[in-house]
Every structure is written in structure tokens, then in C-alpha cells.
Amino acid sequence: SQQGEEDPQALSIQEGENATMNCSYKTSINNLQWYRQNSGRGLVHLILIRSNEREKHSGRLRVTLDTSKKSSSLLITASRAADTASYFCATDSGNTPLVFGKGTRLSVIA
Amino acid sequence: EADIYQTPRYLVIGTGKKITLECSQTMGHDKMYWYQQDPGMELHLIHYSYGVNSTEKGDLSSESTVSRIRTEHFPLTLESARPSHTSQYLCASRSNADRGNTIYFGEGSWLTVV
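In the order they appear, the protein sequences are chains A and B. Per the working numbering, the first sequence runs over residues 50 to 159. Per the working numbering, the second sequence runs over residues 2 to 115.
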């Protein structure tokens, strides 16, 4: 399995601080995606980074990908209480279902 | 907003009962998936389908079954529910035409077996 592993498992920060979550995986990928899950809800796609990309931005989100280290990071800048959620990375290696990691639970304290 | 719907959202049933969780999407997606997720835990793929009359088992062994008779519909059935089946079940879909392989999720079905 090339399941992604997020780090840390849980993160608690103050509003306005930046939050960084990391994801490691085991095999070659076509792309890596980050998803967000509010408590008790389904997952929502945040951002996708392809294997030939190193960095991508979307609003307050910044994703990096290092294929040599098989790792990715998600940075949320100027966090808000509404960013409180679980964040999952998912790896795609072709015509197989995405494999999700265990997630990072982010708590942003107002 | 993704057009993928799951019913029921919440269900409490007795041990031994048969239950079908419904999932429908109006996006014309070929690929559909069922994930099982305990609260605060990781997602486990239990079934997927790449089109009508195509179904596959996922990474996690499950006593449930699925069918794909129509593109838009991917129901999951438990013939005899047990307390160990208590969990959240998430349905998802993706278009073959989406090179980005983005998955769209439903809101989930919370099943409690007593």
C-alpha cells in the first residue's frame, strides 16, 4: 500500500498563526491531493499538485511536493477558527482508487 | 458543491437487520467508491466501481455488497448488520474525463447497529 501518512496527527494553534501539515508516501505517484473534512461530514477537495510540480498556491493554502523524499506539506496561512477540521492527503498512482492517509486534526483557537 | 447524495444520513438498526445505504450522483461520473470511516480515524476503501456492471472490493475486507446497475446509482447493502458495522460510510465519485482525479464526496451515512 502506498498510503499517505500525515504528520502531526493533531495540531492546535491560535487564530492568525500558520498551520503546517506533512504527508509522506511510499511509491511513485502521478499527483497528490489534499482534502478537508469538517466533523461528521464528507471530504472536500482543496488542492492538487502533480508529480512534476514543486509548489502550488490557492488562496491561503500553499502545497509543496518533494518526489525525491516522497513527501508533501500543506501550509495554511493566517489561520481562522473556521479552518478547524481534519486534513487528509491522498495519493494517485494511475488508474487505481486514491489512497488516503490517516489525517491531521487541526484545531484553531480564537 | 458536488451533486452526490447519500441516504439515510443517520440510521440506528438492530442486529441481524438488512440495510441498504443509497448513493446517487447527477454528474454522470463513471467511477464511484464506498469508504468506511470510524470517527476521527482514517478512510478505508471497501468497494469501488468503474462503470455499469463493474464492481470491485477495496483494501478493507467488508461483509457488505454493492451493485452498479445504473451509472448514477451505487447502493451498498449489509445483509445482516452487526455492532461491528457501526461506522460512517462515505460515498464518492469521479469522472473518467477528470485528469486531475478529483474525488467528490457525499455527506456520509452514519450507521449504528445495536
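Don't take every hint at face value.
[What the hints assert, rightly or not] Have a look at the derived ranges for each label pair, beta carbon to beta carbon: (1) Ser81(B) with Gly65(A): 43 to 53 Å; (2) Ser100(A) with Ser55(B): 23 to 33 Å; (3) Asn97(B) with Ser61(A): 38 to 48 Å; (4) Leu110(A) with Lys18(B): 37 to 47 Å; (5) Ser77(A) with Thr87(B): 28 to 38 Å.
[Said to hold, decoys possible] Taking lysine-lysine and the BS3-like style, the derived pairs with C-alpha atoms no more than 25 Å apart in a straight line are: (6) Lys151(A) with Lys118(A); (7) Lys58(B) with Lys151(A); (8) Lys151(A) with Lys105(A); (9) Lys58(B) with Lys75(A); (10) Lys75(A) with Lys119(A); (11) Lys151(A) with Lys19(B); (12) Lys32(B) with Lys58(B); (13) Lys105(A) with Lys119(A); (14) Lys75(A) with Lys118(A).
[As the list claims (entries may be wrong)] Heads up, incomplete: computed chain B residues facing chain A, CB under 10 Å, no partners named: (15) Ile5; (16) His45; (17) Pro84; (18) Ala93; (19) Trp111; (20) Thr113; (21) Val114.
The set of hints was computed from the structure by calculation and includes no laboratory data. The beta carbon of each residue, even a glycine, is placed where N, CA and C say it ideally should be.
Subject >> Hint check against the structure, violated hint numbers in rising order >> reply: 11, 17, 20 and 21
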